[in-house]
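Sequences are here, hints too, so could you generate the full structure?
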Amino acid sequence: MLCFVALAVFLFLSIFSAKYRPLAKRALECAARKVTLRPCDTGLDEEIKAASISGIMKISPRAAEFTNKHFEAFSLAFSILFFLSLIFMVQGFYYFVIYGNCNGPEGGFCIYSGLQNEALLVAPTSLAGISAGNASANITLIEFGCYTCPYTKAAESGVREIISKYGDKVHYVYKAFPLPSHPYSHEAALAALCANQEGKYWEYRALLFENQAYVKENGAAALYSLARNLNLTGFEACYTGNSFEPEIKAATDECTASRIYGTPTFFVNGKPYVGQNAMNRTMAEVERLVG
Amino acid sequence: MDSKKIRQDFPVLLSSNAIYFDSACTSLKPRAVIEAEARYYNELSACAGRSAHTLAKKTGECFEAAREKVAKFVGAKPEEVAFTKNTTEALNLVVRSLNYASRRKIVTTPLEHHSLLLPIMEQERRGIAKMEMLGVSADGSIEESALQAIDKSTALVAVHHTTNTTGMHAPLEKIMKAAHDAGALVLVDGAQGVPHSRVDFRKLGADFLAFSGHKMCGPTGIGCLVGRKEAFEKLDTFIVGGETVETVSLQGVKWKEAPKRFEAGIQNYSGALGLSAACDYLGKIGMQNVEEHEKRMAEKLISTIQSVPGATIYGNADAKKRCALVSFNLKGVSAHQVALMCDNLSKIALRSGVFCAEPAANQLGFGKGAARASIYIYNTEEEIKVFGEALQKIAKLG
Chain U
5 MLCFVALAVF LFLSIFSAKY RPLAKRALEC AARKVTLRPC DTGLDEEIKA
55 ASISGIMKIS PRAAEFTNKH FEAFSLAFSI LFFLSLIFMV QGFYYFVIYG
105 NCNGPEGGFC IYSGLQNEAL LVAPTSLAGI SAGNASANIT LIEFGCYTCP
155 YTKAAESGVR EIISKYGDKV HYVYKAFPLP SHPYSHEAAL AALCANQEGK
205 YWEYRALLFE NQAYVKENGA AALYSLARNL NLTGFEACYT GNSFEPEIKA
255 ATDECTASRI YGTPTFFVNG KPYVGQNAMN RTMAEVERLV G
Chain P
7 MDSKKIRQDF PVLLSSNAIY FDSACTSLKP RAVIEAEARY YNELSACAGR
57 SAHTLAKKTG ECFEAAREKV AKFVGAKPEE VAFTKNTTEA LNLVVRSLNY
107 ASRRKIVTTP LEHHSLLLPI MEQERRGIAK MEMLGVSADG SIEESALQAI
157 DKSTALVAVH HTTNTTGMHA PLEKIMKAAH DAGALVLVDG AQGVPHSRVD
207 FRKLGADFLA FSGHKMCGPT GIGCLVGRKE AFEKLDTFIV GGETVETVSL
257 QGVKWKEAPK RFEAGIQNYS GALGLSAACD YLGKIGMQNV EEHEKRMAEK
307 LISTIQSVPG ATIYGNADAK KRCALVSFNL KGVSAHQVAL MCDNLSKIAL
357 RSGVFCAEPA ANQLGFGKGA ARASIYIYNT EEEIKVFGEA LQKIAKLG
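Protein chains in written order, with the working numbering: chain U, 5 to 295; chain P, 7 to 404.
No lab work stands behind these hints, which were simulated from the structure alone. From a predicted model like this one, the values you see are computed outputs, not experimental measurements. Check each hint, because a few of them may be wrong.
Unchecked claim - Derived DSS-like pairs: lysine-lysine, alpha-carbon spacing no greater than 30 Å straight-line:
(1) P:Lys-402 with U:Lys-62
(2) P:Lys-180 with P:Lys-240
(3) P:Lys-262 with P:Lys-75
(4) P:Lys-10 with P:Lys-399
(5) P:Lys-399 with U:Lys-62
(6) U:Lys-38 with P:Lys-402
(7) U:Lys-29 with P:Lys-374
(8) U:Lys-62 with P:Lys-391
(9) P:Lys-326 with P:Lys-10
Pasting the structure below:
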């Protein structure tokens, strides 16, 4: 069974080094024979077995005897695990490309995040978006956030603290980046802009984060319910009319141009902060600039 | 003979630290041989017997000196030694060049290497000769009663000196008598014999003796066909070309006498010089000492393998009847696994398979392969001990 694993491994290594190509060829021949229910005649399976058992024997002869006795079963189990891992890896990469997170719409820890680099982010040039604080301040804090993202929600108290403590010295701009990986993110962004139209943006934003799980589960019904709490009379017309679709698209285009790969992403005077401790680092930078 | 001291002459052993038990496949090369071969390229690098310049003459002298040295090593005259590529070519030369018009039979044994068996089978397939096998007993010995197969219709008896599957020796004296009584020629495959024992072509009484340089500390690509003058005369041309002829016109060719008639084209001069150095090297050690060392090692090797549970040794286990070459299997572990694991565990180089002698392997009962340990002058008893310890561990897997 191990020739299938060997085939996958050696094929991959063959991309980088020609010395693995004969091994890949032997593995392919071996795998072809196994598929057609014939014994492998390239000797590769025996070489793998000998190398494995010898390695184990150097550590524990008893373990080597046991492994040798059940080698086919171990090979089968290892092969299944290998190919399952391979499937999950490919699926994860697919999710990463589509959703920006290898866990798909659910989010969470993603090993591919290492491929992303804060230093590659490009600071936005436009200050369009929801604004707060002192528009003529020397310190500009731009946030790319998503209303249904748990990490944006977690950073919200920090954002509020900056606005309340340093509102006179900081110009805060929020740009909605409705991540496809988060349910109803687009709808929530639209709803927030509709609330803004009626001068209730910050109240509605607070409700969105407070009721994030409810929104993610119920979508439009939840958004309407939150709007009713604030007596937003023109909400339904605004929401159903998709009045702010151009603004949402413009913000999304800005995100793409800035190479945003996760929310929230902060820019303090153009310096990016995203990922681990993003809020704390943003706060520290703001405090440093405020003096 | 001090094997530990001899080991110092072999650069591969010093650099690899391997336990080399695959000398039946090819032996390691001592520094003297490597230097002799390099000498040709460093100091000569010309062709012999053609040009008249100093380097060409010197090359010719060295080449003929090498022939003399090799001839002396096997107790033959220089004009009885033809250089070939290896044993395989030498065996093919005899089997394919002999005239089978009046006597059609080639008698051989199922224990032979493919290098001897296949040319004979080819002659039979082409309807040129008829192959007949001598019987072999269960312990791998040639049945002497079967020698009656050698009769007046026999052109050639082709047989090993020592098999590469069991290390056992053929009863050459009796074969020689039966063949010569019947007026047949005898071709001895000395590939495993010449490197490991005193072989004197005169005393042997054979008509032809073939062997390779690379199994006796010499370089690869050089071998010899030793033949009596009258026997050589019975052979037709084999590979022809430059240096095989006296004169050529479009009406006919006057061929050179043997051995030159069989040395077509530019020869392997560096190989001949290397082989000559190998003969010197073994000569200094003394082939009697080599033989005694191998008998001691064969006993030790056989008893070591026999002490491993589940071990089967092929052929007669009497060390007196073989050289230090043992083919064996361990119960429940494939031969390839044994060889690979010996390498992985203790850097022991073994051979596994059917050793280019598939009919012999089937005859002896290891048609699916065996592991083979073959010992030479540079191997020590300590190495056999390490080998035994590795086998004990591997045997537990079975």
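These are the hints, each one checked on the structure:
1. P:Lys-402 with U:Lys-62: This hinted pair holds, its Cα atoms lying about 14 Å apart.
2. P:Lys-180 with P:Lys-240: holds (23 Å)
3. P:Lys-262 with P:Lys-75: It holds: about 22 Å lies between the C-alpha atoms, which stays within 30 Å.
4. P:Lys-10 with P:Lys-399: holds (26 Å)
5. P:Lys-399 with U:Lys-62: With a Cα-Cα distance of about 10 Å, the restraint between Lys-399 (chain P) and Lys-62 (chain U) holds, given a limit of 30 Å.
6. U:Lys-38 with P:Lys-402: holds (28 Å)
7. U:Lys-29 with P:Lys-374: Distance ~24 Å between Lys-29 (chain U) and Lys-374 (chain P) Cα, so the pair holds.
8. U:Lys-62 with P:Lys-391: Satisfied, since the Cα-Cα distance of roughly 18 Å is no more than 30 Å.
9. P:Lys-326 with P:Lys-10: holds (24 Å)
In summary, the structure agrees with every hint in the numbered list given earlier.
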